[in-house]
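The hints should help you fit chain D onto chain S, whose structure is shown.
Spelled out, the chains give:
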Amino acid sequence: MKKGTTVLIIYGLLILTGCCPVITSFNPERGGIGTEVTIEGKRFENVPSKNVVKFGGVLVPTADIPFASPTRIKAKVPVGARTGPISVRNRFTFCTVTSENNFIVVKPLSVRARHNPLYKAESHISTISANAEDSISGINKVTLTITKGKMTDCTELGAMASVIPCRKDAVTFTHVCTYPAALTEVMCQYSENFGDEAIITYKAVAESGVGVATESEEITFAAGYPPSGVLARPIWWHRSDPMGSKIDIGFFPDADYTGIYSDFTPHLETIVSGAFFNIQPFAQTYTENRKLFNLWAAPFGADAEHDLYSISFHSSLTPITGAMDGNVIVHKVQFRDFATLSLGGEGTVFGNAGDAGWIFMHESGHFLYGQGDEYCCDGGYGTAWACKNVFSSQSSCRSYALANSFNPDSCVEIASGTTHTGAWRFDGDLDTLRDRNVYSDWRDGCRKCVLEILNRCATGSCY
Amino acid sequence: MKQIILDRINRNIIVITFALSLIFVTFGCSSEQEIRRVEVIGGKTSESKAVNAQEDNALLLKELTTGVVVTFRITDDEIVLEQVTVVSVPKVKPRDVSPGLISIVGMKGDVVVVKTAVPDKEWIIQENKGLVRNPVRVITVALPIETPIDRLIVQLKPEFRPKQFDMRPAFEEFCKKNPKSPLCRDR
Numbered sequence: 250m251k252k253g254t255t256v257l258i259i260y261g262l263l264i265l266t267g268c269c270p271v272i273t274s275f276n277p278e279r280g281g282i283g284t285e286v287t288i289e290g291k292r293f294e295n296v297p298s299k300n301v302v303k304f305g306g307v308l309v310p311t312a313d314i315p316f317a318s319p320t321r322i323k324a325k326v327p328v329g330a331r332t333g334p335i336s337v338r339n340r341f342t343f344c345t346v347t348s349e350n351n352f353i354v355v356k357p358l359s360v361r362a363r364h365n366p367l368y369k370a371e372s373h374i375s376t377i378s379a380n381a382e383d384s385i386s387g388i389n390k391v392t393l394t395i396t397k398g399k400m401t402d403c404t405e406l407g408a409m410a411s412v413i414p415c416r417k418d419a420v421t422f423t424h425v426c427t428y429p430a431a432l433t434e435v436m437c438q439y440s441e442n443f444g445d446e447a448i449i450t451y452k453a454v455a456e457s458g459v460g461v462a463t464e465s466e467e468i469t470f471a472a473g474y475p476p477s478g479v480l481a482r483p484i485w486w487h488r489s490d491p492m493g494s495k496i497d498i499g500f501f502p503d504a505d506y507t508g509i510y511s512d513f514t515p516h517l518e519t520i521v522s523g524a525f526f527n528i529q530p531f532a533q534t535y536t537e538n539r540k541l542f543n544l545w546a547a548p549f550g551a552d553a554e555h556d557l558y559s560i561s562f563h564s565s566l567t568p569i570t571g572a573m574d575g576n577v578i579v580h581k582v583q584f585r586d587f588a589t590l591s592l593g594g595e596g597t598v599f600g601n602a603g604d605a606g607w608i609f610m611h612e613s614g615h616f617l618y619g620q621g622d623e624y625c626c627d628g629g630y631g632t633a634w635a636c637k638n639v640f641s642s643q644s645s646c647r648s649y650a651l652a653n654s655f656n657p658d659s660c661v662e663i664a665s666g667t668t669h670t671g672a673w674r675f676d677g678d679l680d681t682l683r684d685r686n687v688y689s690d691w692r693d694g695c696r697k698c699v700l701e702i703l704n705r706c707a708t709g710s711c712y
Numbered sequence: 058m059k060q061i062i063l064d065r066i067n068r069n070i071i072v073i074t075f076a077l078s079l080i081f082v083t084f085g086c087s088s089e090q091e092i093r094r095v096e097v098i099g100g101k102t103s104e105s106k107a108v109n110a111q112e113d114n115a116l117l118l119k120e121l122t123t124g125v126v127v128t129f130r131i132t133d134d135e136i137v138l139e140q141v142t143v144v145s146v147p148k149v150k151p152r153d154v155s156p157g158l159i160s161i162v163g164m165k166g167d168v169v170v171v172k173t174a175v176p177d178k179e180w181i182i183q184e185n186k187g188l189v190r191n192p193v194r195v196i197t198v199a200l201p202i203e204t205p206i207d208r209l210i211v212q213l214k215p216e217f218r219p220k221q222f223d224m225r226p227a228f229e230e231f232c233k234k235n236p237k238s239p240l241c242r243d244r
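Chains S and D, in that order, are what the protein sequence lines are.
Last residue of the first sequence? That's 712 in the working numbering, and every number before it is there in order.
Last residue of the second sequence? That's 244 in the working numbering, and every number before it is there in order.
None of these hints come from the bench; they were simulated from the model.
Each hint should be verified, as a subset may be incorrect.
Only pairs whose alpha carbons sit at most 30 Å apart, straight line, appear in this in silico BS3-like list of lysine-lysine [to be verified]:
{"#": "1", "chain 1": "D", "residue 1": "172", "chain 2": "S", "residue 2": "417"}
{"#": "2", "chain 1": "S", "residue 1": "399", "chain 2": "D", "residue 2": "148"}
{"#": "3", "chain 1": "D", "residue 1": "148", "chain 2": "S", "residue 2": "540"}
{"#": "4", "chain 1": "S", "residue 1": "540", "chain 2": "D", "residue 2": "119"}
{"#": "5", "chain 1": "S", "residue 1": "452", "chain 2": "D", "residue 2": "148"}
{"#": "6", "chain 1": "S", "residue 1": "452", "chain 2": "D", "residue 2": "186"}
{"#": "7", "chain 1": "S", "residue 1": "540", "chain 2": "D", "residue 2": "150"}
{"#": "8", "chain 1": "D", "residue 1": "186", "chain 2": "S", "residue 2": "581"}
{"#": "9", "chain 1": "D", "residue 1": "172", "chain 2": "S", "residue 2": "540"}
Chain S with its partners taken away, still in its complex shape (with noise of 0.2 Å):
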């Protein structure tokens, strides 16, 4: 048996070893993010979506990978990437190379700042931190100036009443953080439990080792226990800025979370940082452009029937729901989700399951940007505007990707085996609609539609 083992073992080890791809040499060496890097080896396979590449443990989306061959592999330095080695992992033998040495990763001066937890309905610290970068000057000092104050409904202030919040009862302070030896990276933080009913602002400002200052979006979002009328609860709101040129987004408890908010909440902190806060490819769209989005809590109740497909909500909360561009209701207790097919509407969301960011993802693909599902075998396919990813022919597939510079050839049906849905993509692997799993993004049809979206909120409008 010992020895049976032993030869297994070597055995295993040889034909990994042997199928193991190799990196002689990386240029440029040094770079910024999104900087085209060439990967020279050996054994690489010769399809993007085959390789794993990452940067300093920081994955490249199969989208910024446009060249791959056994020899050589072109990949752009993915966002949030640190200086570090360069791996390739094949998908299939699962084995990876790292380079001998460091790509390094160079960081013009920068500052973002968030806090955390995101939400909470109850007593509670909140620590808000600034990251800030300098890899050439290095950072000087940070300063956080955060606002604190109670939520009300905007009357005590003489205006009528709004489920948006105003602020009663506010103080201005500043946390200064120094580096004398202006380091590259630093995080500044403050903690504080600010009490119940709080809303808080924050912005950072970030000075370089040369004098040049930076400055974060300002934030604000809610903490504590929550007043008892029915405020809309900022979780990331752009407070300064127009409502319209963001796509406000409303989390609501289902009712079958039977009133329990704190059972809510975390399902709610695991959707927004899944999708939000995070370098995974499937979420980068939403976490680099998370300044286009204002995402707020109900402070309770709406109910989703999935099989009647109907979602309705407590009539206090209408002048919530109408406010927003989409609602979404966390469910509990397991159903097949389902959304509005519309730019602006409603979808549900499994919020105990472990990709619930996924899951959100891809139902805000219906019910924000209307697009239809990519994957086999549904009952039906279709998208709600003239902006598509599902065509009913080959034909209007074939045109509409010639029409907009995608390749025609890409057009394949939606089908399996011999199960064929008579719907027809263009979408490349890995696809938001159609993939569950990180790896996922918008790709080529359907990411043009949601930029679009996203790209009108520069004009005041996002729809």
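Same frame as chain S, but now just chain D:
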């Protein structure tokens, strides 16, 4: 018999050992060195200063306006007005009417006060089932208005006949309770 059982156990041990060796080799070779030097410093916090509430909320209040939120239930091509709430709403650029959108017009006399469009929720996608028509749906829309409206005209599709709703009772009830509201002063 005993020998057969022992042989099976041995075979299983070989398979497990082989699988484990594969896992170790694979993940051992895939370990990636992550270089991260982040300096976390607590910092110094200044004294708090009070903020004037009007100044603090000025930008937000500029973004809000008087408005009305209406909810109607659609069953096939029948429309029933379910709820009217007079409340502050965000100033959002109204949508243009286009295919798939429901046209909504608020009138005061013969004057158009507000005109917008809202997505119909007629088509639902259910996972692993596909496209399903939803004959009964509830639509809510927030309408920014600076003056009360007395009629709401809703048109589901261009080929459908528009339906009108009397909005006066809702505003009368609101103004009884809120006589000082900007929407009630000129009535």
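Checked hints:
{"no.": "1", "hint": "D:172 / S:417", "verdict": "34 Å, violated"}
{"no.": "2", "hint": "S:399 / D:148", "verdict": "23 Å, holds"}
{"no.": "3", "hint": "D:148 / S:540", "verdict": "19 Å, holds"}
{"no.": "4", "hint": "S:540 / D:119", "verdict": "20 Å, holds"}
{"no.": "5", "hint": "S:452 / D:148", "verdict": "25 Å, holds"}
{"no.": "6", "hint": "S:452 / D:186", "verdict": "45 Å, violated"}
{"no.": "7", "hint": "S:540 / D:150", "verdict": "19 Å, holds"}
{"no.": "8", "hint": "D:186 / S:581", "verdict": "21 Å, holds"}
{"no.": "9", "hint": "D:172 / S:540", "verdict": "29 Å, holds"}
Hint check: violations occur at hints 1 and 6; the rest are consistent with the structure.
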